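2 protein chains.
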Amino acid sequence: MVKANGEKSLQTLIDEKRDLVEYFYNDTLAPHYRARTGLTAAYIPPEFTNWRDEQRAWRKSAILFDQSHHMPEMLLKGPDALRLLEKIGINSLANFSTDRAKQLVGCTPRGHVIGDCVVYRLEEETFELISSMPLLNWVQFNAEKGGYDVTIERDDPTPYNPAGKRWFYRFQLEGPNAGKIFNDAVEGDAPEIPFFRTAKVKIGGCKVLVLRHGMAGHLGAELSGPYEEMDKVRSALVAAGEKHGLKQGGTKTYFSTIFEFGWMPYPLPGIYTGAELRDYREWLSGNGWEANAQLGGSFLSDNIEDYYVTPWDLGYGHIIKFDHDFIGRAALEALPEGKRRKKVTLVWNREDVAKIFGSQFGDGPRFKALDFPVAYYGWPQFDEVRAPDGSLVGHSCHCGYSANEGEMLSLAMLDAACATPGTQIVLTWGEPGGGSRKPHVERHEQLKVRATVAPAPYAQSVQKLKRAAIG
Amino acid sequence: MVKANGEKSLQTLIDEKRDLVEYFYNDTLAPHYRARTGLTAAYIPPEFTNWRDEQRAWRKSAILFDQSHHMPEMLLKGPDALRLLEKIGINSLANFSTDRAKQLVGCTPRGHVIGDCVVYRLEEETFELISSMPLLNWVQFNAEKGGYDVTIERDDPTPYNPAGKRWFYRFQLEGPNAGKIFNDAVEGDAPEIPFFRTAKVKIGGCKVLVLRHGMAGHLGAELSGPYEEMDKVRSALVAAGEKHGLKQGGTKTYFSTIFEFGWMPYPLPGIYTGAELRDYREWLSGNGWEANAQLGGSFLSDNIEDYYVTPWDLGYGHIIKFDHDFIGRAALEALPEGKRRKKVTLVWNREDVAKIFGSQFGDGPRFKALDFPVAYYGWPQFDEVRAPDGSLVGHSCHCGYSANEGEMLSLAMLDAACATPGTQIVLTWGEPGGGSRKPHVERHEQLKVRATVAPAPYAQSVQKLKRAAIG
Numbered sequence: 001m002v003k004a005n006g007e008k009s010l011q012t013l014i015d016e017k018r019d020l021v022e023y024f025y026n027d028t029l030a031p032h033y034r035a036r037t038g039l040t041a042a043y044i045p046p047e048f049t050n051w052r053d054e055q056r057a058w059r060k061s062a063i064l065f066d067q068s069h070h071m072p073e074m075l076l077k078g079p080d081a082l083r084l085l086e087k088i089g090i091n092s093l094a095n096f097s098t099d100r101a102k103q104l105v106g107c108t109p110r111g112h113v114i115g116d117c118v119v120y121r122l123e124e125e126t127f128e129l130i131s132s133m134p135l136l137n138w139v140q141f142n143a144e145k146g147g148y149d150v151t152i153e154r155d156d157p158t159p160y161n162p163a164g165k166r167w168f169y170r171f172q173l174e175g176p177n178a179g180k181i182f183n184d185a186v187e188g189d190a191p192e193i194p195f196f197r198t199a200k201v202k203i204g205g206c207k208v209l210v211l212r213h214g215m216a217g218h219l220g221a222e223l224s225g226p227y228e229e230m231d232k233v234r235s236a237l238v239a240a241g242e243k244h245g246l247k248q249g250g251t252k253t254y255f256s257t258i259f260e261f262g263w264m265p266y267p268l269p270g271i272y273t274g275a276e277l278r279d280y281r282e283w284l285s286g287n288g289w290e291a292n293a294q295l296g297g298s299f300l301s302d303n304i305e306d307y308y309v310t311p312w313d314l315g316y317g318h319i320i321k322f323d324h325d326f327i328g329r330a331a332l333e334a335l336p337e338g339k340r341r342k343k344v345t346l347v348w349n350r351e352d353v354a355k356i357f358g359s360q361f362g363d364g365p366r367f368k369a370l371d372f373p374v375a376y377y378g379w380p381q382f383d384e385v386r387a388p389d390g391s392l393v394g395h396s397c398h399c400g401y402s403a404n405e406g407e408m409l410s411l412a413m414l415d416a417a418c419a420t421p422g423t424q425i426v427l428t429w430g431e432p433g434g435g436s437r438k439p440h441v442e443r444h445e446q447l448k449v450r451a452t453v454a455p456a457p458y459a460q461s462v463q464k465l466k467r468a469a470i471g
Numbered sequence: 001m002v003k004a005n006g007e008k009s010l011q012t013l014i015d016e017k018r019d020l021v022e023y024f025y026n027d028t029l030a031p032h033y034r035a036r037t038g039l040t041a042a043y044i045p046p047e048f049t050n051w052r053d054e055q056r057a058w059r060k061s062a063i064l065f066d067q068s069h070h071m072p073e074m075l076l077k078g079p080d081a082l083r084l085l086e087k088i089g090i091n092s093l094a095n096f097s098t099d100r101a102k103q104l105v106g107c108t109p110r111g112h113v114i115g116d117c118v119v120y121r122l123e124e125e126t127f128e129l130i131s132s133m134p135l136l137n138w139v140q141f142n143a144e145k146g147g148y149d150v151t152i153e154r155d156d157p158t159p160y161n162p163a164g165k166r167w168f169y170r171f172q173l174e175g176p177n178a179g180k181i182f183n184d185a186v187e188g189d190a191p192e193i194p195f196f197r198t199a200k201v202k203i204g205g206c207k208v209l210v211l212r213h214g215m216a217g218h219l220g221a222e223l224s225g226p227y228e229e230m231d232k233v234r235s236a237l238v239a240a241g242e243k244h245g246l247k248q249g250g251t252k253t254y255f256s257t258i259f260e261f262g263w264m265p266y267p268l269p270g271i272y273t274g275a276e277l278r279d280y281r282e283w284l285s286g287n288g289w290e291a292n293a294q295l296g297g298s299f300l301s302d303n304i305e306d307y308y309v310t311p312w313d314l315g316y317g318h319i320i321k322f323d324h325d326f327i328g329r330a331a332l333e334a335l336p337e338g339k340r341r342k343k344v345t346l347v348w349n350r351e352d353v354a355k356i357f358g359s360q361f362g363d364g365p366r367f368k369a370l371d372f373p374v375a376y377y378g379w380p381q382f383d384e385v386r387a388p389d390g391s392l393v394g395h396s397c398h399c400g401y402s403a404n405e406g407e408m409l410s411l412a413m414l415d416a417a418c419a420t421p422g423t424q425i426v427l428t429w430g431e432p433g434g435g436s437r438k439p440h441v442e443r444h445e446q447l448k449v450r451a452t453v454a455p456a457p458y459a460q461s462v463q464k465l466k467r468a469a470i471g
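Just so you know, the sequences run in chain order W and B.
If you read the first sequence in the UniProt record's numbering, its first letter stands for residue 1, the second for the next number, and so on.
If you read the second sequence in the UniProt record's numbering, its first letter stands for residue 1, the second for the next number, and so on.
In short, the hints are calculated from the structure, not lab data.
Since copy identity is lost for identical chains, a pair holds within one copy or between any two.
Mimicking SDA-like on lysine to any residue, the simulated pairs with C-alpha atoms at most 25 angstroms apart in a straight line are:
{"hint": "1", "residue 1": "60", "residue 2": "359"}
{"hint": "2", "residue 1": "243", "residue 2": "28"}
{"hint": "3", "residue 1": "243", "residue 2": "29"}
{"hint": "4", "residue 1": "60", "residue 2": "366"}
{"hint": "5", "residue 1": "17", "residue 2": "4"}
{"hint": "6", "residue 1": "60", "residue 2": "361"}
{"hint": "7", "residue 1": "339", "residue 2": "322"}
{"hint": "8", "residue 1": "243", "residue 2": "26"}
{"hint": "9", "residue 1": "448", "residue 2": "361"}
{"hint": "10", "residue 1": "60", "residue 2": "437"}
{"hint": "11", "residue 1": "207", "residue 2": "153"}
{"hint": "12", "residue 1": "3", "residue 2": "109"}
{"hint": "13", "residue 1": "3", "residue 2": "147"}
{"hint": "14", "residue 1": "60", "residue 2": "367"}
{"hint": "15", "residue 1": "60", "residue 2": "26"}
{"hint": "16", "residue 1": "448", "residue 2": "350"}
{"hint": "17", "residue 1": "87", "residue 2": "123"}
These numbers come from a predicted model, not from an experiment.
The task is simple: from the sequences and hints, build the whole structure.
As structure tokens, then:
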């Protein structure tokens with residue numbers, strides 16, 4: 001969030017803390033702790049039915065996710081809006097017509113990722129940015145400091161939205177039957193919408209903005225409209241879905257889709273160091289999102305920069321387009337091949353997972369418990385990944401269980417030499433010293449867990465779509 | 001709940017359903033599903049820190065549970081109040097002075113349990129009854145139909161209380177340090193209170209009613225007072241507890257105490273059959289608690305009476321006092337020894353528990369998943385327990401995990417011949433036919449789980465207190 005008048009800035013917070021990692025690892029307690037499944041519990045149940053059947057529905061029939069509450073939004077308007085986004089984004093916005101949405105990835109001048117979000121071009125000079133609080137803050141800062149002719153409005157997640165509600169509802173309709181349900185729900189003929197293009201349709205008597213999208217490895221749809229019409233549209237979708245096996249998805253299922261889908265959300269923004277970002281840190285609040293990072297996991301460094309990531313680490317290497325002038329371009333162009341990690345999925349060794357579970361019985365030692373389906377608890381989480389010879393080769397971040405795959409999976413950033421599918425690595429599960437002081441981390445001991453490198457996304461069906469979202 | 005004007009009665013519901021068990025097993029969906037941990041989520045978090053450390057605190061230091069929201073209450077006043085309670089209770093209320101609380105267990109004329117609750121004698125003719133919706137309904141029905149000179153007021157759990165709040169807050173302070181915290185929190189000298197006696201003290205500037213109690217195997221205290229003073233009293237307790245390792249306990253921990261403590265809450269009330277209870281069923285609502293029983297588990301009978309229990313089955317055999325005239329007395333006196341089951345704890349075989357967990361990996365078969373720490377999902381749940389020769393010897397009801405014991409435990413009612421500690425039995429985990437239609441029951445297969453009979457309560461420290469609560 002932006003610093004309010006008289007409020008402490010992020011820079012002041014950093015100056016006060018002798019060891020920022022120590023602080024983020026032990027003392028921050030943001031509302032988005034425990035990997036966020038608790039954040040919106042008052043609005044969306046963790047499970048509508050049970051998360052196992054909901055995960056299955058997402059793969060086998062269809063699921064309706066409610067995204068109305070957890071993602072921050074921004075409306076960016078004005079003659080300079082596109083120019084600002086092009087300055088921020090490492091990817092090209094060249095063909096950004098008003099019937100499209102785009103992913104937007106923003107970096108620091110040193111080429112470290114700040115965040116990624118989805119942008120709709122609603123009108124020629126009107127853009128809607130969804131998700132990534134750090135990136136929205138960065139866009140706003142640049143708009144204000146860079147002299148762009150734009151206006152900005154922000155809409156915070158429901159739990160801390162001053163209005164107690166949102167501008168827009170947002171649903172995600174996914175799964176092999178999503179298309180049929182969409183066609184049945186739309187009044188009149190349903191339009192054919194190319195991937196990542198938008199259209200306007202009528203559902204339940206309401207005008208709905210549709211983005212043709214994909215999350216579960218099938219073409220799906222993101223549907224949004226005025227918040228007040230949420231229930232009408234949901235009812236119409238649920239009714240249309242009845243004969244197609246549609247389930248509503250709770251937050252446990254929603255936040256566990258990434259293990260199959262391969263998206264690494266919310267990296268630590270690389271903004272805490274460097275004189276060139278001091279202005280930005282003084283502009284940011286000392287109580288906001290960036291001030292409440294919640295590092296967790298077995299990797300513990302005394303240097304916050306060891307947690308910064310580049311677009312390559314998150315699997316965005318191929319979308320960087322050096323055809324336009326953007327923040328971080330020079331640094332990214334100069335980054336040697338050897339420093340570009342690769343995003344992979346790790347498939348955890350079943351015997352070792354069973355050992356973690358089994359440690360809960362008897363007198364110990366107890367290893368860090370695996371909550372199902374979302375097992376990571378840091379935000380972000382960094383678990384050490386080592387080659388069999390003991391050398392550190394990367395970090396495992398989001399870990400959890402997929403009932404569809406029947407595996408414990410994690411998304412990791414590895415040195416290219418270890419990133420080939422089939423490579424055997426060892427990750428350290430659990431934190432040193434019995435665990436951090438974070439109240440949600442129970443006392444535990446560490447365990448070396450064997451894992452096999454696999455592609456990200458892990459689900460075969462998702463891999464087909466992986467490039468299509470970014471033009 | 002009592003039937004409202006024009007509302008369908010429980011009897012009408014029963015007449016409509018051809019198979020009541022089939023209905024309760026598949027189609028009811030009450031707010032107390034999933035063993036209640038979701039019921040009060042808007043008021044009490046599932047975890048304040050993490051349930052493993054909270055379970056530990058309950059055994060090793062101290063824990064503060066918030067019971068303000070989930071239990072129904074009744075105020076029973078008038079010259080005939082004690083006489084009514086004596087008519088209901090199978091246990092003696094002979095020494096019920098105004099500085100005491102008592103457990104009250106009520107049965108049908110056939111000697112089947114309806115429910116049990118705690119009763120405070122607030123004044124000579126004023127009694128406060130806490131918990132057990134079916135028992136409170138039964139008390140009210142008898143008051144109205146039996147011509148007792150009493151008045152009755154009801155206060156429902158917060159989630160469906162018309163006032164949106166309660167009469168009283170209620171805290172449970174437990175654990176080896178509970179006494180120290182209590183003494184530190186009380187203004188002035190803390191009184192010595194004998195077990196299950198009450199006193200009035202001042203905490204946080206507020207007058208508080210204290211019941212000396214025990215739940216975690218240590219003497220603890222139940223504290224109550226006007227709902228408006230809840231936050232003041234909680235703050236004072238939390239402050240006093242800081243140096244004594246006090247944790248606040250979430251609902252996951254709260255509802256998992258029974259596996260060590262040995263209380264079998266909320267049996268199916270034995271009211272659905274018998275001409276002598278037809279009046280009662282016509283008085284009860286067809287939408288209330290009794291109409292929304294949620295049978296679950298591997299035991300499936302076509303006769304609802306197979307789910308009825310006697311006081312012996314729940315471990316209340318020793319409290320029955322045939323020194324007064326109460327409903328069900330004749331039936332209980334006549335019940336042959338061979339039909340009196342014994343309450344035990346079952347300690348599940350670790351290899352078989354690991355097999356259930358392991359079934360989540362690979363392509364199947366998948367067994368019914370064990371949610372931690374509360375694994376039972378029926379309300380009530382009945383899992384078949386068989387002797388090694390295959391004969392049915394009883395039912396396992398509430399199952400879950402204790403981090404203190406490092407075991408998967410369940411509370412069961414077994415034939416006396418199989419109830420000796422050390423006896424090996426086999427319970428069937430999971431439902432026939434892939435699972436009921438209940439949305440929270442995922443598709444699964446059944447597994448035979450070996451288990452060892454142990455005393456109930458399981459925790460040694462609790463066993464010492466087990467008789468003391470009932471006079």
